[in-house]
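Top to bottom, those sequences are chains A and B. For any residue, its number in the working numbering is found by taking its place in the first sequence, counting from 1, and adding 12. For any residue, its number in the working numbering is found by taking its place in the second sequence, counting from 1, and adding 12.
It should be emphasised that the hints constitute simulated quantities derived from the structure, not laboratory data. A portion of the hints provided could be inaccurate.
You can't tell identical chains apart in this list, so a pair holds if it fits in one copy or across any two.
As the list claims (entries may be wrong) - Calculated cross-link-like contacts (lysine to aspartate or glutamate; reagent style DMTMM-like; alpha-carbon spacing at most 25 Å):
id : residue 1 : residue 2
1  : K151      : D274
2  : K47       : D59
3  : K350      : D274
4  : K47       : E35
5  : K47       : E91
6  : K350      : E228
7  : K47       : D323
8  : K151      : E338
9  : K178      : D21
There are 2 protein chains.
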Amino acid sequence: MAPGCFAGDAKTAHGVIRYGDDEVVAVIDPSHAGKSVRDVLAHLESDAPIVASVAQALELSPTSLLIGTAPKGGALPPEWRSEVLAAIARRLEIVSGLHDLLHEDREFFTAARTAGTAIWDVREPPVVPLFGGDAYAVKAPVLLTVGNDCAVGKMSVALELVRAAKAAGTNARFVPTGQTGIVIAGWGISVDRVISDFAAGAAEQLVLYAAHEGAEMIFVEGQGAINHPAYAPVTLALMFGSAPDALVLVCDPRRARIETYDTPTLGYRELIRLHETLLATVKPAPILGVALNTRALTEGEALDEIARAHDETRLPADDVVRFGPERFYAEIASRIVKRPQLIAAARA
Amino acid sequence: MAPGCFAGDAKTAHGVIRYGDDEVVAVIDPSHAGKSVRDVLAHLESDAPIVASVAQALELSPTSLLIGTAPKGGALPPEWRSEVLAAIARRLEIVSGLHDLLHEDREFFTAARTAGTAIWDVREPPVVPLFGGDAYAVKAPVLLTVGNDCAVGKMSVALELVRAAKAAGTNARFVPTGQTGIVIAGWGISVDRVISDFAAGAAEQLVLYAAHEGAEMIFVEGQGAINHPAYAPVTLALMFGSAPDALVLVCDPRRARIETYDTPTLGYRELIRLHETLLATVKPAPILGVALNTRALTEGEALDEIARAHDETRLPADDVVRFGPERFYAEIASRIVKRPQLIAAARA
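Okay, chain A solo, but in the shape it has when bound (with noise of 0.2 Å):
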């Protein structure tokens, strides 16, 4: 469900539809029904209808209906709640993502006990202790993505980099720090909702658990952008918190500033010196690769912009969504050491 916004920023419908394990049935969205997903976003390969409502969707049988945008602020718009209810009537499940958690909406609550299905709120974090440093006894190798903004790429690229790392016979494991990850891979906590003070622990919390599930590669998703007016906190949690040994910057070349506000957004070289310095102070980790979000452009252009960034960073370089993850993962991968936190000399 995208109403008037599948073909924009419907970041949780697109990330679901190209990555997820459940099959798409049909997307709901009155300004391109009648196509189908692929006539309006090609590169998510898929076939499904664009549908105008809940009402023609059930045709097709679904189980689940998927609120697949995060409006800023993570209220849910008004105009949708008739069309939740409709699904709830029809016993759907509801799976959303938006900070206003549906459950504790009273209407929908008792609408969903009534009609007996389920809403799952992927976004309620459960209770997490506090960052406590058992994440830097972890022996897997530990990788963050970062970018240049929100929404640039930075769960994709992470996804990407596991299929290329079980690709080479790795058990990498894909840790989901928001909304979108969480409903592709069925686990995970939405590190923006955690209390900031257990922030870092959350993330702590979510690498402990791939470790303890045996992965042998941990590719943690990133979160906002360390300048970003209001999420940057989430992006630093996750930097400390994860405790990484390295990390992949991603970046949409084209993203002058921050969406929505007025800031710049950083260079390459300005993105890694910060992300390395602030590292540098806890647990050292660098960067070891540049992911491009190449989309907007050209396939000319995407190689100008991939030439570009690893002339000036002279890191590796690619769009791994568009050109496939194999080359850079086996870059990355051979780069990757792990690494101490960083500790105080004992006081004289």
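Starting from the known structure of chain A, arrange chain B on it as the hints suggest.
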């Protein structure tokens, strides 16, 4: 109430005794019962008696019981329960800055309702909007304290500077961002308790409120430290969200590592560089001075350390709690300049 810990890290108790408007009739700590506050902590300049229990404190006719410490993680030590219940039974208002909200505890909630008294969980934040950028339009200069660790004096320095500003005829205002500051000032938001996505927004709302109340100079209480493994996200939320025009760096020069972690604290110049580099990506602001916490040093050692901080940083340096804030305030106030946010150039 700070049983067993009044002489240690009971920083809420210390702050309220030193800076609060309300009279403290007694401190509860069996390990120092029979002494006065002055006997144990001379710098708090209070002759209130230290007693062994709530029952003894009740003889002095208190109206409130303040949980005077904030244990790591924020939970109420189980052995304090019966004491809190004894106070509730005698209709004292309970004031708590713990992460665990006492009014959500069924036993406390029921007891308070039965007794007809209130529980004020000062750490419980209101619902706040996302950071929106309105803080950039505040006309009064905004100053934020940052530090080399938790519990080094960021709140005390902000309060001392407000006192000096008022004495100099400026209508300055203290902006509380943590439980002790809130109890002292009677308003504020415990930013560490806000959902991470909204932490910068909370800082912004606090500054907007102070500006709306007519403050001519705004001193925001900082939290944590920029390289704190668990709390750095809160630090960064205040740095971006309060949109400061300048910072004061507060350091305990004896602190070699972040409290309860192995992470080394940073030196003066490294702290200045790191804070200024981060702020330069959103709204540039300089560190204008170094305020030291020299409580553990002799006066001679303190003066040496102040001289060293000045030599290393070429900035005004002092211990404003120990030697008074007037001189340091005058130097800061003469240097503070209202600054604009960074603006991205329009894309060609």
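Do the hints match the structure? See the list:
1. K151 - D274: between (41 Å within a copy, 19 Å between copies)
2. K47 - D59: within (9 Å within a copy, 79 Å between copies)
3. K350 - D274: between (38 Å within a copy, 18 Å between copies)
4. K47 - E35: For K47 and E35, the Cα distance is within 25 Å only inside one copy (18 Å; across copies 71 Å).
5. K47 - E91: This pair counts as within: shortest intra-copy Cα distance 23 Å, inter-copy 65 Å.
6. K350 - E228: Cα proximity of K350 and E228: one copy only (12 Å, versus 51 Å across).
7. K47 - D323: neither (42 Å within a copy, 70 Å between copies)
8. K151 - E338: Result: close within a single copy only, 24 Å intra versus 53 Å inter.
9. K178 - D21: Result: close neither inside a copy nor across copies, 29 Å intra and 49 Å inter.
When each numbered hint is compared with the structure, violations occur for hints 7, 9.
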